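Residue numbers (our numbering), protein chains in the order written: chain R, 1 to 79; chain L, 1 to 140.
Hints are computed from structural coordinates only; laboratory data are not their basis.
Everything numeric in this text was worked out from a predicted model, so none of it was measured.
Any given hint could turn out to be false.
Claimed, not checked - If we take Cβ atoms under 10 Å as the criterion, some of the chain R residues that face chain L in the derived model are:
no.	residue
1	L31
2	G33
3	Y68
Unchecked claim - Some chain L residues well away from chain R (every beta-carbon gap over 12 Å; in silico):
no.	residue
4	L28
5	V32
6	G36
7	I37
8	A80
9	E87
10	L104
Just so it is clear, CB atoms sit at the ideal spot from N, CA and C, and this is done for glycine as well.
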Amino acid sequence: MGLALIAVSLMIGFGALGTAIGFALLGGKLLEGSARQPELAPMLQGKMFLIAGLLDAVPMIGVGIAMYVLFVVVPGLPA
Amino acid sequence: MKKAIRSKPKSALDSIRPPLMTIYGLQLGVLVVASGITFPIDRVAAYSLLMGGLISVVPNAYFARQVFRFSGAAYAREVARSFYVGESGKFIATLGLFGFSFALVKPLNVFVLFSAYLMVMLMNAVMLAYFSRRQRKASN
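Make the full structure from the sequences, and use the hints.
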């Protein structure tokens with residue numbers, strides 16, 4: 001049971017970390033791009049929205065699996 | 001609907017924002033229809049399908065709403081901040097909705113729930129890319 005809980009925390013933690021790193025890079029590039037070429041800022045925002053949707057797809061699936069382990073697998077395990 | 005997409009944008013925000021209401025409305029419509037078709041065959045699979053889809057649609061809609069609150073180079077800092085706020089909210093909402101489904105809804109068809117979640121996520125990416133391309137062509 002303890003190992004399952006560690007697995008859940010790793011899945012959620014690394015999922016959040018990966019998303020955070022990706023968004024930090026994206027946000028930084030958006031600010032940089034907007035400062036260099038202000039006329040492109042709206043277009044960059046639209047493109048960033050598209051990429052953001054793809055960026056967090058895999059971590060979100062990981063979060064779903066973590067919740068499955070936490071609420072379905074762990075209660076069935078011996079204490 | 002076609003006319004609204006092809007008409008000239010009213011503001012800078014309209015020119016970059018994909019038709020979010022159309023995209024999420026279509027996703028909800030597809031979900032409800034698929035769930036309605038599945039319902040007479042398997043009740044558990046029908047509501048699992050609906051829940052899996054909603055787990056994807058609701059956080060994505062919240063994220064989209066946050067992202068397009070500000071626009072323009074003058075608000076670049078606010079845009080980046082709203083991206084972070086939207087993503088945090090999306091992460092927490094997904095966590096909560098998955099947790100709610102697995103903890104409180106029984107019986108549940110987990111395979112159908114995850115399949116619906118993945119399908120709606122894929123549909124979201126494809127629709128966003130399609131409408132953005134269409135909007136760009138219309139504005140040129």
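With d taken as the least Cβ-Cβ distance between G36 of chain L and chain R, does d exceed 12 Å? Holds, because the least Cβ-Cβ distance between G36 of chain L and chain R comes to about 24 Å, which exceeds 12 Å.
Confirm or reject the statement that L28 of chain L sits farther than 12 Å, beta carbon to beta carbon, from all of chain R. holds, 17 Å
Beyond 12 Å from every Cβ of chain R: is that where the Cβ of I37 of chain L lies? holds, 24 Å
Would you check whether G33 of chain R satisfies its interface hint, that is, whether its CB is within less than 10 Å of any CB in chain L? holds, 9 Å
Just double-check V32 of chain L for me: nearest Cβ-Cβ distance to chain R has to come out over 12 Å. holds, 21 Å
Compute the least Cβ-Cβ separation between A80 of chain L and chain R, then decide whether it is above 12 Å. Incorrect as stated: the minimum Cβ-Cβ distance to chain R is 4 Å, not above 12 Å.
Once the shortest beta carbon distance from Y68 of chain R to chain L is found, is it less than 10 Å? holds, 6 Å
Interface-negative label, L104 of chain L against chain R, beta-carbon threshold 12 Å: violated, 9 Å
Against chain L, is L31 of chain R within 10 Å by beta-carbon distance? Status holds, d = 5 Å.
Far enough from chain R: is every CB of that chain over 12 Å from the CB of E87 of chain L? violated, 5 Å
Of the hints listed earlier, those the structure fails to meet are numbers 8, 9 and 10, in rising order.
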